[in-house]
Structure formats: structure tokens, C-alpha cells
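Residue numbers (the working numbering), protein chains in the order written: chain W, 4 to 116; chain A, 233 to 342.
Hints should not be assumed to be uniformly reliable.
Pairs of lysine-lysine, DSSO-like flavour, derived with a Cα cap of 27 Å [unchecked claim]:
id : chain 1 : residue 1 : chain 2 : residue 2
1  : A       : K299      : A       : K235
2  : W       : K16       : W       : K83
3  : A       : K277      : A       : K337
4  : A       : K235      : A       : K277
5  : A       : K235      : A       : K288
6  : A       : K277      : W       : K29
7  : A       : K235      : W       : K16
8  : W       : K29       : W       : K73
9  : W       : K83       : W       : K73
10 : A       : K235      : A       : K337
11 : A       : K277      : W       : K73
12 : W       : K31       : W       : K73
13 : A       : K274      : W       : K31
14 : A       : K277      : W       : K31
15 : W       : K29       : A       : K274
16 : A       : K299      : A       : K274
17 : A       : K299      : A       : K288
18 : A       : K299      : A       : K277
Keep in mind the hints are simulated off the structure, nothing from the lab. These numbers were taken from a predicted model, which means no experiment stands behind them.
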Amino acid sequence: AQTIHQWPVAEIKAVGSPLSLGCTIKGKSSPNLYWYWQATGGTLQQLFYSITVGQVESVVQLNLSASRPKDDQFILSTEKLLLSHSGFYLCAWRGTGANSDYTFGSGTRLLVI
Amino acid sequence: QQKVQQSPESLIVPEGAMTSLNCTFSDSASQYFAWYRQHSGKAPKALMSIFSNGEKEEGRFTIHLNKASLHFSLHIRDSQPSDSALYLCAVSDSGTYQRFGTGTKLQVVP
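Can you build the whole structure from these sequences, using the hints too?
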């Protein structure tokens, strides 16, 4: 069975500090991977997607970047956090089959102060 | 750009009632239509999805898609208090981009 693990569970960071969030998928070869962000009380918004190692496409510009260093790993990062980065970050995977559903990780809650 | 809108924004129904949630989208080329349920503070979890016009039933849940009307819906039969949550609809293209609605907050009261 496929499992998706996100880390850390929660972070409190200072404005201007760096950030790195991680996501690992086990039990699935070459999944499509996605990063989403949800502001408190806000809509779930896709940030990035990746269909293969080393290839990441940006959907929304929020002064964040993403990388896929391994087939099963997806990293979200920034060198300088803004207050507006606070929220709930979710990683998701989807199989490459036409009828595949999206599966979300449990998320990372970020508070920037 | 794809627009996805949900109605109503919130809903209170008595236990045992039928609940109907609606979602409209703007891109007729969309290929994937899904409903997610999100409990407070938790990640969304996929409930049901559909890829072509028609209806699909799984237990108490039914999803209905009408591409010509740019509309799909979720119906919950015999609603339970445990169904209380935020319901999100989502529309996707070929698998690179999934856009979500703003959600319907459902409360089922005993």
C-alpha cells in the first residue's frame, strides 16, 4: 500500500528565516506530486506539481520554490519567510493512470511570526 | 482561468436527511471532478470522483456530473452527525492542475 509522509507536522518560524518542508511517498513508482497551500479559512490552492525527478512546474508565485531530488521525495522551500506564508501546506500524489485520484499527506501547519 | 464555485456556503440539515452540494466550473475541457471532505485542522480526504457524464454511487454518497451544464453535485443520503465537515469540490485537467472551490460547511444536527 502507498503511504505519504510529510514533515514537520508543525513549525513556528520568524519572518525572514528559511523554510524547508518535506514529503515522501512510499509504495508508488513515479507518482505525480503536488504542493498545495491553504491559508486559515481560505481556499486550497495548488503551488507546484512534478511529473518526474528534477522537473517541477510552478502554478502560483508565492516566493516559494520546490524541488524533486528523488522519485519519492518532494521538497518545498524558501530562503526568506513572509507573514503571508502562514497556513497549512499539503503534499499530494496521484498515479499516472487516467482514473487516478489524488491522495493528500497529513500536512504541515506553519505559523510565521 | 478555470473558475470553480460551490453552493451553498454553509448548510445545516437534520440527521437522516438528504444533503445536496453543488459545484460549477468554467472550463468545459476539464476531465476530473472530485469531492473531498475536510474535518477541522485535518487534510482533505477524497470522497468520490467522476470522469464522464452521469452518476456514480458509493454507499450513502452519489456524485452526478453534467458537463454540458458545467455542473456536478454530491448527494449524501441519510446524513449523519459524523458527516459534519467542510466539503470541497475540485476540478482537474489532464492531471497537472487541480482547482478547488471555496467549500461548503455542512453541519448535521441530531
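Going down the list of hints, with the structure as the test:
1. A:K299 / A:K235: 14 Å, holds
2. W:K16 / W:K83: This hinted pair holds, its Cα atoms lying about 10 Å apart.
3. A:K277 / A:K337: 15 Å, holds
4. A:K235 / A:K277: 21 Å, holds
5. A:K235 / A:K288: 24 Å, holds
6. A:K277 / W:K29: Holds. K277 of chain A to K29 of chain W sits at ~18 Å (cutoff 27 Å).
7. A:K235 / W:K16: Judged against 27 Å, a Cα distance of about 33 Å means the pair is violated.
8. W:K29 / W:K73: 12 Å, holds
9. W:K83 / W:K73: With Cα atoms ~24 Å apart, K83 of chain W and K73 of chain W stay inside 27 Å; holds.
10. A:K235 / A:K337: Holds - the C-alpha atoms of K337 of chain A and K235 of chain A are around 19 Å apart, at most 27 Å.
11. A:K277 / W:K73: 25 Å, holds
12. W:K31 / W:K73: 13 Å, holds
13. A:K274 / W:K31: 23 Å, holds
14. A:K277 / W:K31: 19 Å, holds
15. W:K29 / A:K274: Holds - the C-alpha atoms of K274 of chain A and K29 of chain W are around 21 Å apart, at most 27 Å.
16. A:K299 / A:K274: At roughly 31 Å apart (the allowed maximum being 27 Å), K274 of chain A and K299 of chain A break the hint.
17. A:K299 / A:K288: 15 Å, holds
18. A:K299 / A:K277: Holds, at roughly 24 Å.
In terms of the numbered hints stated before, the structure departs from hints 7, 16, listed from lowest to highest.
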